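Protein chains: 2
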Amino acid sequence: MSRYRIFKVADAIAYAREAAGLASDLPLRGEEIGDGNLNQVFRVWSPGEPHGVIVKQALPYIRCIGESWPLTRDRARIEAQILLRHGEACPEYTVAVLHHDPALSAMLLEDLSDHRVWRQALLDDQLFPEAAAQLGRYLARVHYHSSAFYLDYQAQRAVSTRFVNPELMAITEAVFFVDPFRDHERNNVEPLIRAEAEQLWADDALKVKVAALKHDFRCKGEALLHGDLHTGSVMVAAGTLKVIDAEFGGYGPIGFDLGVIFANLLLNVCSQPGRHPAVIGQRYQQQRIEEIRALWQSFRADFIALAAGSADPALAEAGYAQAFMRRVWRDALGYAGCEMVRRTIGIAHVADLDGIEDPVRRVACQRQALSLGRTLVMEAEQLDDTAFNLLLVQQIIAG
Amino acid sequence: MSRYRIFKVADAIAYAREAAGLASDLPLRGEEIGDGNLNQVFRVWSPGEPHGVIVKQALPYIRCIGESWPLTRDRARIEAQILLRHGEACPEYTVAVLHHDPALSAMLLEDLSDHRVWRQALLDDQLFPEAAAQLGRYLARVHYHSSAFYLDYQAQRAVSTRFVNPELMAITEAVFFVDPFRDHERNNVEPLIRAEAEQLWADDALKVKVAALKHDFRCKGEALLHGDLHTGSVMVAAGTLKVIDAEFGGYGPIGFDLGVIFANLLLNVCSQPGRHPAVIGQRYQQQRIEEIRALWQSFRADFIALAAGSADPALAEAGYAQAFMRRVWRDALGYAGCEMVRRTIGIAHVADLDGIEDPVRRVACQRQALSLGRTLVMEAEQLDDTAFNLLLVQQIIAG
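Order-wise, the sequence lines are chains R and G. One gets the working numbering by counting positions in the first sequence from 1 and adding 83 to each. One gets the working numbering by counting positions in the second sequence from 1 and adding 83 to each.
These aren't lab readings, by the way, just hints derived from the structure by calculation. One or more hints might be untrue.
Computed from the model, here is a short list of chain G residues facing chain R with C-beta under 10 angstroms [as the list claims (entries may be wrong)]: (1) Thr-244; (2) Asn-248; (3) Thr-255; (4) His-298; (5) Glu-305.
Since we're looking at a predicted model, the values are computed, not measured. Cβ coordinates follow ideal geometry from the N, Cα and C atoms, glycine included.
If we strip away everything but chain R, and leave its shape as in the complex, we get (with noise of 0.2 angstroms):
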């Protein structure tokens, strides 16, 4: 591991030439790009190319926090595979890693400069209106391919064994399910919100329901998540998208990733009020619900299809996917509400809220993030997707 050093835009385009076979008298120039709160990330590019590429490292401590949360550099290592790993299963939707060395904790990746985060789009009020379906059919392949319907016993366990990521799952553990539920140091609550996160510390039944997600998190491994898909995970252009940023992935819930992306698209939701005109911010509200519908809907779609060329006899059964999918349902929209939690009263939280200027405006789309949040996570047991939309319309659109 002694090769290891924080690189500087030289080692990065050093980095890049080697692991790209570029040639040595290639002029290439390069800067730092990252926004993230863990790594360093450098786009690497020769002047006069439309393409270059992305080179991420690791460092050995949380980027956004500094050196006195020390976080392994062996995440690199696990990111890259899992990258790998869904890349064989969806090509088209996971970025493409080019190259990557562990000693260095560097990764070379295809240069997605002609897309955008779709969180940013999002803000910007630019619709990608075939985004939402392809992350469904993303989210399907991935998952379908390392879960018990394709893998067989030994192979899933070899698989799971493999991409076990105990340090960052470890950390998603406390800040998604444990800080936020109770009063943390680690939480970032505006002060005129407090009253309401203090009303929801108090909340015993949301506690009791938060610790079963949790409890499943940790134990039901149904296949290789990707672990962290907030929109800032997802770049987007016309037609198509990528899928970056794997490193919190490894065997959880099939919906977590669901719930994850689900809470997002409702933060924007929620931060409508705060950002336009109710009539405007009606249309935008309404986009990002047919955007959740459609998610689930390829997802669903999609899963059960490929479910259908299961190998296993017992879950290829004729309707259990189905039964499966209310399941999966059921689990998404709990995590949903545990993550617009976290993202309102937590350590991280979103542009689409945050960014509101004027802090009673911001402070009322919090509140109704904070109340949308609970309600998913008490009521997804009995939540059906027409029961889901009545309560978005009720709850936000009518509110």
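The hints should help you fit chain G onto chain R, whose structure is shown.
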């Protein structure tokens, strides 16, 4: 691995002498006492001494079938490690592993000659009034100490990875969840009950439920299971018991072990009309039902008491352990239903039913077992413990 040889009595004596550190001139005798399906078991003792030792050795195939079904000898290493781990959590009720030798696929176990196999005791109508509650306590301890309540993310992943047992758990998947629910050559169906078996194989709603139970068995790694906790894996004596034979162990849903032992007590219940006049048989049926109640109550009380000390801030939430127990109960009923079916028409039967000599009475009992098994799978979600007891009274005792 070249030291491996299939033990004869003299080899077992030599291994016991060396592993137990006995003097080279101490006279020792040995005999093969194995009655299981998989392994060789020897008792080795010194004439005049009340206690000997047990030598258990895995063969490279399934003993009851022969060399045509090869099976990893590594199961002996896994079993020894599971028994040692369970022994740390519950030394009182886990057979003591005195030594194990992975190369010989052999282990030295405490001699339980003063105990009886519980199944045999039940067939002799011998009551061990404390056995059920003790077994509940054993399950609470071994499950709790390998669960998310006790182990943090990294510790639990380390343990669950260490105890991956792919070959034997794949056998459970096949013979427990797959074969008995379809016409498979491995099944063993009495001709007189073939019509009922065929009805079951055509029951699509049942097979969808079984698929969900199988899926959870694969994916829901809640605790380090025993994996085959029938009444033949429990040795009883006055005031105590010891659990043996953990080669099918690995991570799985906590309800699985409970379901298997419930089912084996229920199979005994179903066998009573074939073995006794009604008025006597009903007394034994009541005993078994009381044992199931006592087992569940002691498991539940002990698990909840242990969970109160959980260091996990979410899972320690007041009321969560109780909510979790409701889920475990439902899982247990589902697995109990599968076990009843597979022990009646699958590859491995139980003496409780097969030992009934009169074929008409035997088949009537088998029919009862199949019917109750099906009901448990279908209604597991709805049956609380009151409804469960009512069901038993209606379906069996009054029926």
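Hint by hint, here is what the structure shows:
no., hint, verdict
1, Thr-244, "holds (5 angstroms)"
2, Asn-248, "holds (9 angstroms)"
3, Thr-255, "holds (9 angstroms)"
4, His-298, "holds (6 angstroms)"
5, Glu-305, "holds (5 angstroms)"
When the structure is compared with the earlier hints, no violation turns up for any of them.
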